[in-house]
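Undergrad: So you can see what is in the structure, the chains are spelled out below.
Protein chains: 4
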Amino acid sequence: MELVEEYLRIRKYSEQICEPLQTEDYVVQPVADVSPPKWHLGHTTWFFETFILKPFSVNYQVHNDDYNFVFNSYYETVGNRVIRTDRGNLSRPSVNEIYQYRAYVDEAMVNFLKAPLADEVKELLILGFNHEQQHQELLLTDIKYILGNNPLFPVYSKDKKEVLTSKIEPGFINIEEGVYEIGYNGKDFSFDNELNRHKVYLHDFAISKTLVNNAEFLEFINAGGYKNFNYWHAEGWDWVNSNQVTSPMYWHLIDGKWFNYTLDGLLPVDLNAPVSHISYYEAYAFASWKGMRLPTEFEWEVAAKNFNWGERWEWTESAYLPYPGFSKAPGAIGEYNGKFMVNQKVLRGASIATPAKHSRITYRNFFHPHLRWQYTGIRLVK
Amino acid sequence: MELVEEYLRIRKYSEQICEPLQTEDYVVQPVADVSPPKWHLGHTTWFFETFILKPFSVNYQVHNDDYNFVFNSYYETVGNRVIRTDRGNLSRPSVNEIYQYRAYVDEAMVNFLKAPLADEVKELLILGFNHEQQHQELLLTDIKYILGNNPLFPVYSKDKKEVLTSKIEPGFINIEEGVYEIGYNGKDFSFDNELNRHKVYLHDFAISKTLVNNAEFLEFINAGGYKNFNYWHAEGWDWVNSNQVTSPMYWHLIDGKWFNYTLDGLLPVDLNAPVSHISYYEAYAFASWKGMRLPTEFEWEVAAKNFNWGERWEWTESAYLPYPGFSKAPGAIGEYNGKFMVNQKVLRGASIATPAKHSRITYRNFFHPHLRWQYTGIRLVK
Amino acid sequence: MELVEEYLRIRKYSEQICEPLQTEDYVVQPVADVSPPKWHLGHTTWFFETFILKPFSVNYQVHNDDYNFVFNSYYETVGNRVIRTDRGNLSRPSVNEIYQYRAYVDEAMVNFLKAPLADEVKELLILGFNHEQQHQELLLTDIKYILGNNPLFPVYSKDKKEVLTSKIEPGFINIEEGVYEIGYNGKDFSFDNELNRHKVYLHDFAISKTLVNNAEFLEFINAGGYKNFNYWHAEGWDWVNSNQVTSPMYWHLIDGKWFNYTLDGLLPVDLNAPVSHISYYEAYAFASWKGMRLPTEFEWEVAAKNFNWGERWEWTESAYLPYPGFSKAPGAIGEYNGKFMVNQKVLRGASIATPAKHSRITYRNFFHPHLRWQYTGIRLVK
Amino acid sequence: MELVEEYLRIRKYSEQICEPLQTEDYVVQPVADVSPPKWHLGHTTWFFETFILKPFSVNYQVHNDDYNFVFNSYYETVGNRVIRTDRGNLSRPSVNEIYQYRAYVDEAMVNFLKAPLADEVKELLILGFNHEQQHQELLLTDIKYILGNNPLFPVYSKDKKEVLTSKIEPGFINIEEGVYEIGYNGKDFSFDNELNRHKVYLHDFAISKTLVNNAEFLEFINAGGYKNFNYWHAEGWDWVNSNQVTSPMYWHLIDGKWFNYTLDGLLPVDLNAPVSHISYYEAYAFASWKGMRLPTEFEWEVAAKNFNWGERWEWTESAYLPYPGFSKAPGAIGEYNGKFMVNQKVLRGASIATPAKHSRITYRNFFHPHLRWQYTGIRLVK
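Residue numbers (the working numbering), protein chains in the order written: chain A, 1 to 382; chain B, 383 to 764; chain C, 765 to 1146; chain D, 1147 to 1528.
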């Protein structure tokens, strides 16, 4: 019974995120990394249909055979996938049809969840919850991208805040050299990439209690930080130049004053807010300019109990790699994490787009170093 | 009064073409050459607002200042243009807002057209009619592209026929060598690219009364026509290979049988129907394989009174070039045709997507030689 | 006997063009349209080996079987071709080996030419002469490209003049409306694309006796000609912007003064010299700015007996298309011209890179409209 | 005096590597990652001229001012750099001129080294030695690429062996869990990326004494390893498919038998030789297929004293990241390593292309995961 409620709560939240949208906003895909909102709604539904209803629910009738092709993403073991950049060309199934698909699967799931569940099914169900929550984060940031790159700068909502109000005293926390334990070992859900709690050796470091804010980042801009290759990786410098980057994403210099597209529309940059929508390259360059560095993901995990986190995903210096003893689950579920463990950077924490209770201190998010459309942030180490 | 009715008739037809669409279908842009239907509806409206209401209608209030940026296409003299491939990323203005824009401009136009009009304004108005009719043709073929590239193959309409029923006896018409007159010299509207009726010298030729049909084209396919470079231009051969072209657009080989996406959905290829959705390269290769050739646009214009035309736009061997004495009108209107007179091929006739009375025997359509999404066709000369 | 001498004279001239080169200059291919000099030397030799020695010379031993793969260019019927842009990666066969290949084939050819020749062989031989002369033109312009894009700006030769000294009075020649004959009908060699002398109807026009010179072109630059889209085709304007073109090729603005890379090194622009190394797009834009136009190839052919030509290849307004009755020769030889008859512009005349007696008044050269590395020029019509 | 001898020994070795080349082989650059041999010869010379002679040798006359532009590579603080892919278009300076440049600088260096040297200069000199040795490795592998991608498959040398003859017993070495020290702390030269010897915590692991050989890799191929996405990273799978990779680089399947281009020409694959010229993606996929994994660079460093290494550069699972406390040297020298610490994988050991004594157990080499032209190899961990 509890699982049914949790299922319905999570499923409903995806739809709540889309409430402010017009039908047209569900359809477009401005860049390959951003998916159309309608696709997220269909794909998360396809997950429950494919991995729970089809194998475990007797007599379940697939809603539409073509949807496997349309809503699959990376699960190579489940038929052919749609080429990712084509998602924005699919006017059909319509938004209404996708909501019907959701209702159909939800009804079947609610019926299915009434019966007792095998442990294997429970695990898949919890994975489905977490999968949908990951897409909720993307859903909000993809919507922001779609609206924020429209020349009319439409408002998403007056109510969804991008900045939390808690006031934190600046300062650094000192952590002592030694052997520390890293990774998840609790009894609740975690992703496979967090597992195998293991030991790492850390050297002394001091980590900031606060995130870098827009005022500090503006100093970097005004000091010519985007024009001095010394602060940048070679690939970061190429990225700055070939994309002509001169500020965080969503910033616009209008008549000499910096504005920032937010969920509440185009507003003057809030100097006290944490800087956001910066790539790893920018985070690294900022830290270099400050004469500091980013934390490793292990330093972050050890120190994080001593500071507030959860407002911005925080870039770390760590590459996304397997923990000792990491192994993939067999079958399609096992494709979840391991196949992305190259050329990506770990982010730790959570952001204002993360659903409540979805993240934890051992959670490992990861993106390519040039990406900026998530609510990323910077915490410094010295 | 007659102009008002013509205005309303033409404006209404654009909206009728869109009647079978769902909101999502208005939004997407699968390739750069295809525009989202909502953009066509807005752009044709912007034309009347910009070239008639703003300069000539006293006290006219622009509907929305941002729309100039959003709905301009190639008219470089009218502000900055939207980069073309971005059209498919614009979820706003919404479809409803664009219909409101149309209603607003239509109301202002109807009022404006009640007063007596200067000749200059009448000419712009007629140009606006023809401009919207050109976009009606694109609107239908762009819709076909959007639906026909969707894996669900949705039906557009059961009523819109792609093939006309008139039965024509096959055979060739002989035209004698001599000096002929080419170009428009009537009193009605024509585009600037048809003007300056002038003399050309033609040599003897014989031109087919009928278009090449699917049965004949299938023979070309089965004879290995797509695999033998001898029939192709070097650039056509590169195009075939880099795009792995093996049939006309919208053809699908399913279990050994050829199907064809039509406005009425996916159907078996109709062998008696004229072949369509072929590029100039394919038209040329087919003619080479037959030991014949395509007509020049002058041959076509001289012969066309002797056969039925209007079902398929017919590729000619002629490059799109200015007629003797061609000159551009001053200002934005002059950008209409001349700037495209390089690297394109002339098509003559009309197609089932062409609005009634829009084409004429001197009409010159033009596209790049690799494009296929129009209702193109092949007529042979020997 | 005469043919042997002609053979040796032409073959030697290719090597004379290369005399000023260092070994390294033979090897590089800076862009796809430019071939390494060593490739030209090998390819022209391969032509005689493949089309004359192999089929007609009894007991001829092929010099090296791999050379067919390495030195073939576009002749699809003769084995697989090397992908064109790879030519610049082939350090072997070495320059010495290619000169040995030339010597080997020349010796075999001289022996072969001692015996009486069938007419078919004579024709192929003459075609081979003209083929090598075409490559001599490319050889010199490719060498200029290789040296002129080297930051050290090495001198090719002090002796090879780019500008002829003949002084011509400016002015226009008037040609009267009427039917004219076009195309080659002599008894000497011509290419298949010049054949079928036929009638065209020309309207009145006046054509300049002189080519546009650098002083005039500098006026166009200083008047902002490269910055005003009104003078350009849409594709020309895209080309200007995406390549950031601000002057003819090989021009460099150094400390406010224009310099020009020539075969004699980097020199101040000679204001009296004909402008050169301009694309068709630039030629068209210049003519538009002047309120004039380029001649068609037919106008040029009719008028050319009245003015001096041969210093610059002159862009015409004509697209490269087949003449009435054009037909390809069977086999590989037939691939020579017809397959390029799309998306190219005709140039008429000859240039200082053209070998003596290679061109004639009916000769049709052709290039894509954006290309500039030939000695192109502009002649105006009004 | 010892430094002079070391200088001359190292400088001479670069030229010895080039002895088998023909002039043309020095010039070409088939892909961006491979530099022309002449560029390596010039660039290593430029290093000594720029960082030692110019700042420290009184009255030194720069050999040619333009060479700074031509031979600079990534050192952004030293003037403008040549865009990397243009290196293969530079026929000048000629090979002879570059050897003259080497002789000129060598003479100046020998004179300069006779006088007593400040410690700072000594350090730069040793860095220059190591820099030239790194380029010697690239020089040989770049030469192999140039010759091995030539359709004539020229032999480099009969004497340079790609496989060492030492026979090793297969088996695994067990390493116990605990804290280990990593990084260089000796008194001789090391690169900045090896510095700051520090502690890491390792868990139990077993590492193979031998490298994977061609016989084992052939099993992977024959088992369909290149066709099963389960063994691959998502980016590796894209790389396999978009490049149509079916075997290690330089392998050719001829009439059903595998051949391998070596410095000694095209030969049947030696089944006992260690597999080489595989990307990290392939190394990872092979290990996945075996149910094992690659070592981390720390595991490798701890275990390497127990096995022979130096035949192939060994891919590790570690991303190339800074050690704790890493800091860049000020000025151009500091650009050496830190700026590449993103998106690359660490390789450990050395290869048959590594100059004697250039590598050591703490040495960290690094490349992008898709690159294959180095003598890479695979060592497994379980």
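Derived by calculation from the structure, the hints in this document are not laboratory data. There could be a bad hint or two in this list.
[What the hints assert, rightly or not] Think about it this way: if two alpha-carbon atoms lie no more than 30 Å apart in a straight line, the pair counts; the simulated DSSO-like pairs of lysine-lysine are: (1) A:Lys187 / A:Lys122; (2) C:Lys951 / B:Lys710; (3) A:Lys339 / D:Lys1355; (4) D:Lys1333 / A:Lys382; (5) A:Lys199 / D:Lys1436; (6) D:Lys1436 / D:Lys1474; (7) D:Lys1260 / D:Lys1200; (8) D:Lys1260 / D:Lys1313; (9) D:Lys1333 / A:Lys328; (10) C:Lys991 / C:Lys1092; (11) B:Lys672 / C:Lys973; (12) B:Lys609 / D:Lys1268; (13) B:Lys591 / C:Lys973; (14) C:Lys973 / B:Lys581; (15) B:Lys710 / B:Lys581; (16) D:Lys1485 / A:Lys290; (17) B:Lys581 / C:Lys991; (18) A:Lys227 / A:Lys257; (19) C:Lys922 / B:Lys721; (20) A:Lys54 / D:Lys1260; (21) B:Lys672 / C:Lys1069.
Undergrad: For each hint, tell me whether it holds in the structure or not.
TA: Outcome of the hint check:
Between the alpha carbons of A:Lys187 and A:Lys122 the distance comes to roughly 14 Å, so the proposed pair stays at or under 30 Å and holds. The hinted pair formed by C:Lys951 and B:Lys710 fails the criterion: a straight-line CA distance of about 44 Å is larger than 30 Å. Restraint check for A:Lys339 and D:Lys1355: the C-alpha separation of about 28 Å stays at or below 30 Å, so the hint holds. With a CA separation close to 28 Å, the supplied pair D:Lys1333 and A:Lys382 stays within the 30 Å bound.
Between A:Lys199 and D:Lys1436 the CA atoms are separated by roughly 26 Å; this keeps the pair inside 30 Å, and the hint holds. Our distance criterion of 30 Å between C-alpha atoms is broken by D:Lys1436 and D:Lys1474, whose separation comes to about 40 Å. Distance restraint check for D:Lys1260 and D:Lys1200: the Cα-Cα separation of roughly 16 Å lies within the 30 Å cut-off, and the hinted pair is therefore satisfied. At roughly 45 Å between alpha-carbon atoms, D:Lys1260 and D:Lys1313 are farther apart than 30 Å, so this suggested pair is violated.
Simply put, D:Lys1333 and A:Lys328 have alpha-carbon atoms about 44 Å apart, too far for the 30 Å limit, and the pair is violated. With a CA separation close to 43 Å, the supplied pair C:Lys991 and C:Lys1092 exceeds the 30 Å bound. Restraint check for B:Lys672 and C:Lys973: not satisfied, since their Cα atoms lie roughly 45 Å apart, outside the 30 Å limit. Of the pairs offered as hints, the one joining B:Lys609 and D:Lys1268 is violated, with about 66 Å between alpha carbons and a cut-off of 30 Å exceeded.
Distance restraint check for B:Lys591 and C:Lys973: the Cα-Cα separation of roughly 47 Å exceeds the 30 Å cut-off, and the hinted pair is therefore not satisfied. Between C:Lys973 and B:Lys581 the CA atoms are separated by roughly 26 Å; this keeps the pair inside 30 Å, and the hint holds. For a cut-off of 30 Å, the pair hint linking B:Lys710 to B:Lys581 stands: about 21 Å separates their Cα positions. Our distance criterion of 30 Å between C-alpha atoms is met by D:Lys1485 and A:Lys290, whose separation comes to about 16 Å.
For the given pair, B:Lys581 sits about 37 Å from C:Lys991 by alpha-carbon distance, which is inconsistent with the 30 Å threshold. Distance restraint check for A:Lys227 and A:Lys257: the Cα-Cα separation of roughly 20 Å lies within the 30 Å cut-off, and the hinted pair is therefore satisfied. Among the hinted pairs, C:Lys922 with B:Lys721 is inconsistent with the structure: their alpha-carbon atoms are about 42 Å apart, more than 30 Å. Proposed proximity of A:Lys54 and D:Lys1260 is contradicted: the alpha carbons are some 82 Å apart, above 30 Å.
Straight-line distance between C-alpha atoms of B:Lys672 and C:Lys1069 comes to about 40 Å, which puts the hinted pair past the 30 Å bound.
Hint compliance for this structure: hints 2, 6, 8, 9, 10, 11, 12, 13, 17, 19, 20 and 21 are broken, all remaining hints hold.
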